[in-house]
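Undergrad: Numbering of the sequence shown is given in our numbering, commencing with residue 1 and proceeding in unit increments.
No lab work stands behind these hints: they were computed from the structure. One or more of the hints may lead you astray.
Distance ranges between label pairs, derived from CB positions [to be verified]: (1) Ala17 / Glu46: 41 to 51 Å; (2) Asn37 / Glu60: 30 to 40 Å; (3) Pro31 / His4: 55 to 65 Å; (4) Ile5 / Gly47: 30 to 40 Å; (5) Glu60 / Tyr20: 32 to 42 Å; (6) Glu57 / Arg25: 25 to 35 Å; (7) Glu52 / Arg16: 27 to 37 Å; (8) Glu24 / Gly45: 30 to 40 Å; (9) Arg55 / Lys34: 46 to 56 Å; (10) Ile56 / Lys18: 51 to 61 Å.
Bear in mind the structure is a predicted one, so any value in this text is a computation, not a measurement. Where a beta carbon is used, it is the ideal one built from N, C-alpha and C, also for glycine.
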Amino acid sequence: MSRHITDHDRTHEGDRAKAYAEIERREGVHPAVKELNKRPTGVTGEGKRVEEFARIERGEEG
């Protein structure tokens, strides 16, 4: 008589995780990451204003 389905060893779970990770790597970068990378990186608008207030508060000239 064969063993019950829940009595079998789980030896293939690591293999499944490796295969899943490989598929994810092959599919490339997620679209959300691409959109985030398109955003400007410099200090703009409100950030520049806060930077100037902080500089004045520290007592720096310039």
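Undergrad: Now look at each hint and say whether the structure bears it out.
TA: Tested hints:
1. For Ala17 and Glu46, the hinted distance range of 41 to 51 Å is satisfied, since their beta carbons lie about 44 Å from each other.
2. Checking the proposed 30 to 40 Å range against Asn37 and Glu60 shows it holds: the Cβ atoms sit about 33 Å from each other.
3. Taking 55 to 65 Å as the suggested C-beta distance range, the pair Pro31 and His4 does not conform, at roughly 43 Å.
4. For the pair Ile5 and Gly47, the supplied restraint of 30 to 40 Å is violated, since their beta-carbon distance comes to about 58 Å.
5. With their beta carbons about 52 Å apart, Glu60 and Tyr20 fall outside the hinted range of 32 to 42 Å.
6. The hinted window of 25 to 35 Å between Glu57 and Arg25 is violated, with their beta carbons roughly 47 Å apart.
7. A hinted range of 27 to 37 Å is violated for the C-beta pair Glu52 and Arg16, which are about 54 Å apart.
8. Distance hint check: the CB atoms of Glu24 and Gly45 are about 36 Å apart, consistent with the given range 30 to 40 Å.
9. Hint check: Arg55 to Lys34, Cβ distance near 35 Å, so the stated range 46 to 56 Å is violated.
10. Our hint of 51 to 61 Å for Ile56 and Lys18 holds, since their Cβ atoms are close to 56 Å apart.
Violated hints, listed in ascending order, are 3, 4, 5, 6, 7, 9; each of the other numbered hints is respected by the structure.
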